[in-house]
Amino acid sequence: MSVKIEVGAGGIPHNQILIYGLVGSVILIYLTYLNTYMQAPYFAFFGGLAAVVALIWGTDTIKHLCSYGLGTGVPSAGMIALGSGVIAALFGATTGPFAPIVTVIVAAIIGAVAGLMANAVVRMDIPVMVVSLIELAIVGAITVLGLAAMACGTFEFLGMITGQISFFGFTITSYETSLIGGSIIAVIFMLGAIAIQHSFNACLGPGEQQDRTLMLAAECGFLSMIVVAIMSFAFIDRYAAIITLVIAIIGWLYTYKKYIELSKRDAYAWLDAQPILEPKGGA
Amino acid sequence: MSALGGPKQAGGIQPPTAMGLVLGIVLIIIALILAFFLVQMAGLIALIGIIIGGVLIGFGVHFVPVGGAPAAMGQAPGIATGVAMLAAGAGLAGLFGGAWAAPLGFAVALAGGAIGGGLLMAITCTMVNVIYVFGMGIPAASGKVDKDPITGDSFPEYKSQGTEGHGLPFISWVGGVIGGALGGLGGTLIYLELLDVYQAQLPVILNATVEQIAPIAISLAGIFAVAMFLINAVLAAYNITGTIEGPHDPKFKRFPRAIIAAAVASAVAGIFAIGLLELVGVF
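Chains A and B, in that order, are what the protein sequence lines are.
Heads up, the first sequence is in numbering that gives the first Met the number 0, so the first residue is 0 and it goes up one at a time.
Heads up, the second sequence is in numbering that gives the first Met the number 0, so the first residue is 0 and it goes up one at a time.
Accuracy of the hints is not assured; some may be wrong.
[Said to hold, decoys possible] Straight-line C-alpha distance at most 25 Å; calculated SDA-like pairs for lysine to any residue:
1) B/Lys250 to A/Gly68
2) B/Lys143 to A/Gly68
3) B/Lys252 to A/Val226
Hints are computed from structural coordinates only; laboratory data are not their basis.
My request is simple: use the sequences and hints to build the entire structure.
And the structure:
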């Protein structure tokens, strides 16, 4: 199982994607805090966009990690990412306004322990293992926190368990109808896991191109966002949910169209590569 | 994949590094002390239960006959998918069984979890063999041993040239059921311990009855049990580097490494899950 999975060279350097992904997604999650200031959940969609940005970064990380040939398939990396991430995200959510920062720190701790165990005890001895699992745990945590914030309009724990985010004088006090009480968090967990593991799993191999893989990651992210947007009708104001849904659908249509274009481009390039050249003058 | 050369580590088992062992012991002790200070004796017992559950999961994964992509082509024995998927299936089935039986008492719930996980693996292994034998027309033959340790059936006559064996021999079937049962037991143990912690804390924090907070406690304990299950299963998958035939496989001897890794990862993830509610309302 130590066969190297082929990845394409070139593209944007990974460290650049890391910085943009981390800073961008944390800022986007914080933009959902505008809901609390404006007393209206119209900015919930920023949580979904944070998840999409994090997923793009996570896909590039998975590409780096899996190019070493884990032997367990690409999906396992997505599973450990979201497994670490959901613990960090829910723990971070209890810290109120500091939630995104605490989430990132806690995810880094869990990811570092998992990475150190994988390298020092299980003896994978993969150079990028610790850094990659830290990154993946952070990506998983931001994905869960972002989608959860999008679904219920806030990234604070009490908002997630009480479901009191409703307006027009209509307040739900039952814990059952909340994001966590209704176990929507489990659906978000799986939607995030599928989104993070699919892109590289689908695109790996000879002729893999970074822009195509990352475009598929964005497409998967928007696809998950559509589903969560539909679920958010149960928790937040109807118009806010419609705004989220429209943004998710537009984003998905755009990325899907771009992805198909890039796929056709790469298919054409492959066709044109002509690995076996015909001798001149005919044979 | 293993059809194309096989893993490098198959010959000798690299022991964990001293740094990894020391770090692991220190982390477990820190987590136990933190659990005692956060939730007193109940927290300590809960964390020990979570660590035992994680170890059971990490150990159980080694029994499951994972074939991966070569098995799908009939070139290696085992179930034709990755560790993460199989472990998640068995663990979740066990968790459902255990969670359903939770009101009936601790022992019944644990038995329910073990039977749920074992039953899923029994059905999966049986149907896999039905497809192998009647659909693909291949007999069950192990490539790692000459005789089935339980039935005494001989394998070399039935093994096709150029393969590592194929189908699902009886010993692998037994291993799958044992692995599923251990996984279900571990997942249910984690769930029950966390449920106890949350059912004790949530009514005080939210000033509500145990019945009112039940959806939140069950949902939180469930999602954390799934998350820890996946972390431990993936670490065990990294330990066996992809494919394993069952308890008779030489790779099975690597399990002590996975047990250490699973114990440390569960302790660190568990302390965040146990301490989750300590910060609610502080900020």
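Right, here's what the structure says about each hint:
1. Of the supplied pair hints, the one linking lysine 250 of chain B and glycine 68 of chain A holds, its CA atoms being roughly 18 Å apart against a limit of 25 Å.
2. Under the criterion of a C-alpha separation no larger than 25 Å, the hint pairing lysine 143 of chain B with glycine 68 of chain A is consistent with the structure, at around 23 Å.
3. Taken as a hint, the lysine 252 of chain B and valine 226 of chain A pair is broken in the structure, with Cα atoms around 44 Å apart against an allowance of 25 Å.
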